[in-house]
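With the sequences and hints as input, model every part of the structure.
Just so we're aligned, residue 0 is where the sequence shown starts under numbering that gives the first Met the number 0, counting upward by one.
I should point out that these hints are in silico values taken from the structure, not numbers from a laboratory.
Where a beta carbon is used, it is the ideal one built from N, C-alpha and C, also for glycine.
Heads up, a few of these hints could be off.
Said to hold, decoys possible - Computed spacing ranges between beta-carbons, pair by pair:
no.	residue 1	residue 2	range
1	48	13	17 to 25 Å
2	46	4	30 to 38 Å
3	8	32	18 to 26 Å
4	50	20	18 to 26 Å
5	48	9	19 to 27 Å
6	11	31	17 to 25 Å
7	9	33	18 to 26 Å
8	2	46	17 to 25 Å
9	33	13	23 to 31 Å
10	1	46	33 to 41 Å
11	29	6	18 to 26 Å
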Amino acid sequence: MPPRARLAWEIRTGDDPSFATGTDILHLDEGGRISSVAVSLDRATEGFTAPGQP
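Written as structure tokens, this is what we have:
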């Protein structure tokens, strides 16, 4: 299995509370360069709905 790295992130807007949090999984090639990224939205702000969702 190729090496991977996990990055947790948070979006904040100015002095407002956290808007969203997520986790990115980076897949690395043999040279240690990023070959692909999988992005996950772990928590969105209240009232947010993804496109196509009711």
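| message | Need the list of violated hint numbers for this structure, in ascending order. | response | The structure breaks hints 6, 8; every other hint is satisfied.
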